[in-house]
Structure formats: C-alpha cells, structure tokens
Amino acid sequence: MTTTAPTRRTDAPRTPQGKLAKFFDDRLTAARWTRATLNKLYPDHWSFMMGEIALYSFIVLLLTGTYLSFFFDPSMTEVVYPKNGTYVPMHGVTMSAAYKSTLDITFDVRGGLVVRQIHHWSALMFLAAMLVHMCRVFFTGAFRKPRELNWLIGLSLIGLGIIEGFVGYSLPDDLLSGTGLRIADAIMLSIPVIGTWTSFLIFGGPFPGNIIIGRFYIAHVLLIPAIIAVLIAAHIGLVVIQKHSEFPRRGHTEKTVGGERFMPYYMTKATAFFFIVFGVCAALGGLAQINPVWLFGPYTPSQVSSGSQPDWYMMFLDGSTRLFPSWEIRLWHHTVPPLFWPTVVLPGILFTLAGAFPFIEAKMTNDREKHHLLQRPRDVPVRTGLGCMALTFYLVLFLSGGNDIIAKAFNISLNAMTWGGRIALLILPPLAYLFAYRVCLGLQRHDREVLEHGVETGIIKLLPTGEYIEVHQPLGPTDEHGHGVLPYAGAPVPKRMNQLGASTPLRHIRGFFYPVKEKPEIQAALDELEAREQAEVESAEGPKQLTD
Amino acid sequence: MSDHRPEEGPTADELRQMTSEEAMIASAKAAGVHVIHRRDRFPIRGTRAEKRAERGVALAFAVSGLAGVAFIVYFIVGHWRWHLPGTSQDFQYYTPILGGTLAIMLIFLGIGMVLWVKWLMPEEEVVQDRHDGPSNDEDNLMTEATLVVGFEDTGLPRRGLILRSLMFAGGAVATVPLIALVGGMLKKPGSQLLHTLYRRNSKLFPNSDGMVPIVDGLWRPVSPDDMEPGAIATVFPGVRQKTAWGTDGLTDAASPTLLIRLRPGQTVKPRAGQAGWGWPSESPEYIAFSKICTHAGCPASLYEQQTGRLLCPCHQSQFQVLEDAKPVFGPATRSLPKLPITVREGDDGRLYFYAVSDFHEAIGPGFWERR
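Protein chains in written order, with my numbering: chain C, 1 to 548; chain G, 1001 to 1371.
So that you can see chain C by itself, here it is in the shape it has in the complex:
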C-alpha cells in the first residue's frame, strides 16, 4: 500500500484553534488577514462610547423592529375595533388597520408592549447618541483631515436617522402621529413651485389619502435602514482604515495609536457594552411609558390634543416653526408660506453649514496637514465658541418646541414664551460664542500659568522680610528664575497636588477613585518608546504650539 508524501508532522497545528484556523486558511488563505484583524487596536477612551451607543441602539432597533413587523399591519383600510376586543374604551371605534394592529401589539400580544416601547426608546437613544457623538467629534477636532469624509457620512446618518424616526413614528396612525404627518404635508405644500406636486406624489392624492402608511412602512423597514446600515459600514470601515484619533499622551502621537487589541479585550468589552446598551433600552422600555397610542385614539383630521409634542429630535424644527414670524411672500398670484423658511430652508442651512465646516475651517486656518491627535476644546477657542453658538441656537429652538408646556408648567404667558424665544434665538448664540471664547482663553492661561509657576500647594510661607508667599510645586525642571520650562503639549496639566505623580494626561480620570501609579516596567518601556519617537521627530519639525 503506497501513500502520498506524508505531511511533516511538525507542520500540523497542535491546538484546536490552530486546526480551526488551518481549516479556513486551506480554503480562504485567511491567516494573515485574521492575525492582523485580531491584533488591531481599538480605542479605549470613554468619549468613543457615544458612537458605540449609536451603533448598538441601531442593532436593538433592527432586532425589535423585526419582531414588531411580525404583528404590524401597514394598511389604512378602515376597520372597526371589535365589540369583544381587549381594550374596552375602543369598542366600536372606526380606525385604520395600522392603528388596530398597534393596539393588538399592545394588548393582545404577550410582551408586545415592552418590545414596542424598547423600539421607541432605542430610536430616541440612537439619535441622541449620534448627536452627542457629533459634538465630541466637533469639539475635539476629530473631523479634520483625513476624516472629513467620515464627518459627512456621520452627518448623513443623523439626517437619515431623523427621517427614519419620523417615518416610524407616523406608522401607528394615531392622533398624535397623524397630526405630525399633516404638518409634514403642510411643509411639503410650502415648497415653492413643486410643493403641491410633491405632496400629491408622496400621499398619492390629497392628504391623507389611503396609501401613505404602506409607503412609509417600506421606507421605514427596508429603504432607509438599508441605507443607514451601508453608511454605518462605511463609517466604521473608514475608522478601520484611518485608525481612530486620540488625545495626545505618551504612545499616542501622529505616528502611533494607542488602544486595546481586538482579541480578547475589545471584542469582550464591545459585546458587553452592546448588552448594557440593550439593557438600558429594555429598562426604559419596561419602566418608562412612551407614546401610549391607545390613549390618543386613531387619527381623525378634526381632532388634536393640546400639548402635542413630537419626539425630541423633531422638537428643534417644531420650535423654529413656532418662533418664525408670520411673514408670507405673495408675488404674481403666488404664495411662499411662512412655513417654508423654518422647516425647509433652516434645516437645509444647518446641515449645509455642518457639512462644510471641516472644509471651511481648513480654508480659514490654511491647514492642509493630516491630524490624528485630538485637540482640547480650550486650545481652539474659535471652534469651541462656534460650537457653543450652534448648540445654543439648537437649544433655544428645542426648548421653544415645548414652549406651551413650559408656559403651562411655570405659569408664563404663552405669547411671552414665543417672544422670548425669538429674542433669545438672536441674542444668546453670539453671547454663547463670546462666553465660550473667554472661558477657553482663561483655561489656556491657567494651564500656562501652572506650567510656568507650578501647582499651588496651599502652603503659605512667611519670608524673613515679613512678606507672605504661597509655595508652588514646579511640574518639571525650572530655569534660573524658578520658572518651569515644560512646554504645553495639548494635554491636561495637573492643577492640584493630588494630581501630581500621575501627570501623564487623563490619569486623573483613570485614577478617579484611587491614584494610578505607573509601574516601573511600564515607565521604562514608555520612556524607551518616547526616546525613539523623539529621535525620529527631532530632525523634522519642532513641537507645535496649539494656541489660538
């Protein structure tokens, strides 16, 4: 009996993992890719969790949304809630099949209500996390070259998320969402020239027609989520290619990136964090009632309840609509309704400005370099000021979206709230800019003061001359006048004595509960790494001062 040339025994993997890897490598030649992927570093700074929350709540949305689609009937066919139905107050009421199936999910599907509420809460969470993530990226300058494309993708995700949320909110066809839909119709009608045609195109006739829920359903469960999923994949793909940005500290430079390896660290933590995000959504969905459509009743065009409020991400548009004055343009037998400016033009301007910002900033600062290191907001006062200005603008609109609730709760005249919002919208953002700008400068100066004079120790010394001075602890070597010579490096400067000995950046966050002591062997390795980098950088460029 002959055999083919025996494989060398030593070549065969000995471990189960090795055998598994071999199985796939024989078929896919995947070993090289696999080892690189498993060793890739992922960020471990807490501010990166915002994007993760957004991603995980999107997954929760897909899971719960799939569940809901098993029960929901996206039809506007008129039905009558049966006389023996579970929810007695609706007996004999005429409603759409969509609304009835939402009632059925609530009352006749075991656990249906909790899943519907988790779905709604995670939608709110998805948009909130994206917005906070966007603020993080903005204020730390993470959108700069080479990451402008990802900024644009992220912005598209927020826009799509808002549309997806609104469309989903409309599906139950209850009184509240129907009112929102009618306003959406009015917004379409307000567009000059093509307005009425757009409205008739979307609704298939005059509002509300009998087709809109079906159309919104396919957009909500297939079209928009598919685009969102593709954009998320691109968003994360770009992070993989470009690697994440990070705050400067030892080992975190323009040339090297810190973090934790995928296996086993990041993959365990990321999975854990997914469960935690899902858990928080579940807690909200179970314990905090949201959108009780059975209390609102089915949509009828003749009714509305006072205190009508959209989901939070639409509130800024509601606010802008409430605040915009009654200015209508009537020209040549045509009308441009007042609704057009705050609901079509304003969001258009906001999204365009946000999208163009990375390019505007690069142009204004004449900066064509790549930046992997993040900036502390205080080091870029103009950008921080603009960001605060934008946030204030948004916040005034947001609060004005609920100005009737505020007026009622605090017993303020509704008309005063409206006028207050109008005035605040014009006055507060510039003030916020000036305020943030000054605060940034103050923080910068304090950093430099501590670097120059050292940390205040709280020890008062009486000099032989009778003069009292406070003893300052220098942070590093000093010159002949006793002034510190450490340059500012774009990293936090310890300001109190108990932050000393932990002077590498962010140590006081890591060491919040107990001081972090760098182990000698880590210190030695970091010193070595730094020396190597220093030698590389030495010839090239001097350390950059990140001042205004």
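Below, simulated DSSO-like cross-link-like pairs (lysine-lysine); rule was C-alpha separation at most 27 Å, straight line:
(1) K83/C - K1242/G
(2) K1029/G - K19/C
(3) K1029/G - K255/C
(4) K1029/G - K370/C
Hints were generated in silico from the structure; no laboratory data involved.
We have chain C; now place chain G onto it with these hints.
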C-alpha cells in the same frame, strides 16, 4: 490588512520554538502592534484575590441568568390581559417586570464581561503604528500609469462622438428609472386643494337647491337650538358618499369646520365682502370657519369664548374670531376661511344649518399656487 508591512519577523522554525505568548506578541508586531507591557494580573495562580475576582464575575453572570429565568417565568405566568378600571389591575406590572428582568439580564451580562476583562484578563499597554503616510512613489506612479493607459485604450480622449453618445445613453439609463418611479407616483393636484365637500351638489341634495347640510360627528343635522351662547362645535359637510380617496364628510381632511355661537353682545367685524355670511345674515350670531389652521394644517380648536380668541395647539397661532378669524399672534398669516351658512326648516319643523356654498378660498396651509 493592506496597510501593514511586517518587519523582519521570526521564521516559522523560530515561531515553533516560541511559547504561544511569544508567538502572539510576534504576530502583533507583524501587524505593527507593539505590546509595550503585558502582565498576568494574578501571576501566582489560585490566590484569594484571584478567587474573589473570579467569584465577582461569576456572580454577575449568575444574576444575569437568574433574571433571564425570572423573565421566562413571569412571561408565562404573569397576568397580562388588560382589564377595565375597577377590576384587578395586576396586568399593569407585566410590562415593567418584563422590561426590568430583561434589563437586569442584559446589563449584568455586560457588567460581568467588563469585569472579566478588567479583573482577570492580563493587563496590556499597546500601541500600533499608524502607517498613515501616502502610498510610496512606486505605487503612485504605477497606479497613475495604469489609469492613464486604461483611459487611452478606451480611445475616449480622441473619440468625442463615442463619449458624447455614451453620456447621452448614460443619462437616459439613469433618468428612466427615476421617471418611471416618479411618473408612477405623480398625481396632478389640479384644483383639488381649492374645493371641499361643501360644494353645492344638486344631485345629492335636490331638496335644498344643492346646499350641503351641516352635520355633527354622528351625522346628526345641526340646529341653532343645539348650541348655548358662546358654544363651539366641530361640524362637517353631511356628504356620506365616499370620495375617490375613500373619505366622506366626516373623515375628509379638508372638511372639519368650527361652528361658533357668539355670546350676547358680541358682534363680528367681517372681512371685506364677507358680511352676512353667518346666521341670521343681518347680524350674525352663528358663524362658521374652517377648523384647519392656515399655518400647518392642525385643527385649531382651543376657543376662549370671553375674548373670542382661537388657538391652534401645534404652533400657537391665534385667531380673533370677532374679526372673522384674523390671525393675531404666532406664525399664521391668513384668516381662517369663512363658510357662508344659512338655515332651512326641516321635516320636524326645526331649523337646520346648511352651507350656502363652498369656502371661497383654499382651506388649510398655504401653497405656491394659492393667490
């Protein structure tokens, strides 16, 4: 990964001599990942501290599992059917308990995994090279050459005819699906936004010269005696025949109308040409306006009878009913359209309201074609 260029890594034979950990570090290094420091958290196995950490993680997992069991049990045995108030309300715990146990199950699983990493897995300090520079000149030059020759081979630079005709065809291919979709969905607005079901219709209502009877939400004709002074009622055109969109007088979005009976002493300052559109026509006590706000289409329904102000709850437009629903505050720009009404004697001898004609202007929010 295309962006890493392994340095002179160890050979296969060297790797076979290494421990798994050494080989792992070499593997990381080949991906540009430098393990600066790596240390077992419990170099001595089986210490009390290690067991404590292990128990902590296991406890979190156990809580998670128990919460899962609790979820399943309550899902099956919990009372979940809605009941009228006054009867047993224990169904109201169903959703909170399901959500709560689900949350405990998920959150404790997550917490256990985080603790597992933080307490038990070896601690590491790692940095990775970015390799972020532009591609090297060789790559760039070769790519450029490939692109240049690839484009030249197509002949497009000198064959303008091909290029232009191709662009024409490409434009057509891109436009046709769009046109097909939009064309399929397009509906001509026409004059549909200018009319409502109050239009005179002699076919349906021959007995009243085509005037449409005004009904309430239960199809009952509305009589002046039905309303107290200062009262307000939402009324509709009494058209039961379905429109092309499946709506009738009650459900049509353009129909809702406010019928207001003024308080004694209140008089209306009518808009030009609209005097006498109420009833009685010489000094109207009953007037009717479209309920659909001229701003964004919400039903304007909060009426303050003392001042005659009508508020739309969506964006707080306010209308002065005593000035023919002129907008007096908020974003609305146009008065609520007024419906000319009159009364006729019914078979029972009582008087009932009828719409003399349709609204004389488009109801609801503004649009481009509106004058």
